[in-house]
Amino acid sequence: MPHTISSFYPPWTSSNLSKFSTVILLILMTFKFDLFSTTRHDCKNALNERQVIEKLFRNYRKIIPSETLVFSSSSKEKSAEIVTTTMTKTTESTAASTNEDTTTEKLVDTVAKGDEENGVLVSVEIHVQDVSSLNEITSDFEIDILFSQLWHDPNLSFRHLNACKKNITMEPQRVHDIWTPNTCIFNSKHSKVHSSPTDNIMFILYENGTIWINYRMSVKAPCNLDLRSFPFDVQQCELVFESYSYNHEEVRLKWFDGAAVTFMKPIILPDFDLVGFKENNFTLNYPNGLWDRLKVTFLFRRRYGFYILQAYIPTYLTIMVSWVSFCMDSKALPARTTVGVSSLLALTFQFGNILKNLPRVSYIKAMDVWMLDQNEKVE
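Just so it is clear: in the sequence shown, position 229 is 229 by my numbering, and no numbers are missing.
Do not rely on the hints blindly, as some may be mistaken.
Stated by the list, open to error - Here are the simulated lysine to any residue pairs, SDA-like style, with alpha carbons at most 20 Å apart:
#1 356 - 309
#2 295 - 309
#3 166 - 45
#4 62 - 138
#5 278 - 240
#6 356 - 182
Simulated from the structure, these hints should not be mistaken for laboratory data.
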């Protein structure tokens with residue numbers, strides 16, 4: 001006898017369904033009560049976030065931490081997991097307590113105490129939201145980033161307190177109450193922290209004293225423009241990070257192990273494509289000591305389709321039109337002169353129309369060579 005679909009399901013009736021629903025509801029209510037009672041029991045005698053913050057900041061002083069934070073080089077995979085987890089926290093609300101416990105455990109596993117002679121080790125990470133423009137005239141670009149810093153301050157450890165949570169999300173205003181490495185974007189022309197509607201600052205404090213601060217920022221920074229290959233050029237734009245207040249002996253800057261520079265989406269501009277980036281870290285010798293510096297260089301390749309349509313093809317057509325004068329009677333001097341002069345003026349106009357959107361540079365560009373060659377053909 002072949003089985004039908006209905007034969008795999010019990011013959012539900014209204015009475016059976018009502019009884020079944022009642023049983024399920026009782027089970028869920030019992031489980032829910034047990035779950036809530038366990039949670040209340042776990043945090044019954046523990047301190048809440050407000051109490052922990054009050055105790056921490058009661059005797060806190062804004063001084064350089066005496067211990068440093070070092071990420072083990074053998075823990076790059078775990079560090080990458082922390083990057084992903086914490087960056088998710090910047091765009092979502094605070095996770096459930098179970099997720100917070102897991103994140104804290106991963107963080108503690110990859111943290112080791114270093115020598116205080118090396119200064120406070122600060123790990124830096126940026127997550128690129130968007131690049132809004134690259135301006136050749138002003139030689140700068142505008143970028144929106146999530147700028148993160150991670151360091152260890154033992155003075156803010158609350159392991160000795162019976163806290164209900166292993167990490168606390170602090171109010172943005174609390175950033176001004178703690179010691180910070182004062183890391184700045186050293187080469188920025190202009191920068192601001194977004195406030196929509198409040199300051200976009202994430203401040204998470206872990207129970208071992210690890211601090212994670214994230215800013216959502218808009219930055220305008222310079223580009224090292226080299227237009228010799230224009231319009232087939234590749235441009236470099238940089239962001240430079242440096243502690244403005246503390247030298248190499250007090251603050252050590254390093255890129256986050258794993259993915260220190262990440263992107264929210266592919267970056268495509270009307271005139272450029274972001275084709276890559278490079279991370280560097282080095283030490284500079286100032287008169288008052290050595291200073292750590294981090295640099296990320298973004299590589300932008302120009303999209304030359306516009307110039308093919310607006311410069312190269314029109315010049316070809318102009319040259320072809322100028323050759324019409326060779327087909328004219330040798331005695332038609334006014335007509336031949338008019339065609340030649342008109343072609344020359346058309347090339348000059350096209351050349352000037354392109355140059356007005358570029359900075360005034362003293363060296364010769366690839367476009368200059370092309371236009372001069374076409375002018376010689378007309379002449």
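Verification of the supplied hints:
| no. | hint | in the structure |
| --- | --- | --- |
| 1 | 356 - 309 | holds (17 Å) |
| 2 | 295 - 309 | violated (37 Å) |
| 3 | 166 - 45 | holds (15 Å) |
| 4 | 62 - 138 | violated (40 Å) |
| 5 | 278 - 240 | holds (12 Å) |
| 6 | 356 - 182 | violated (41 Å) |
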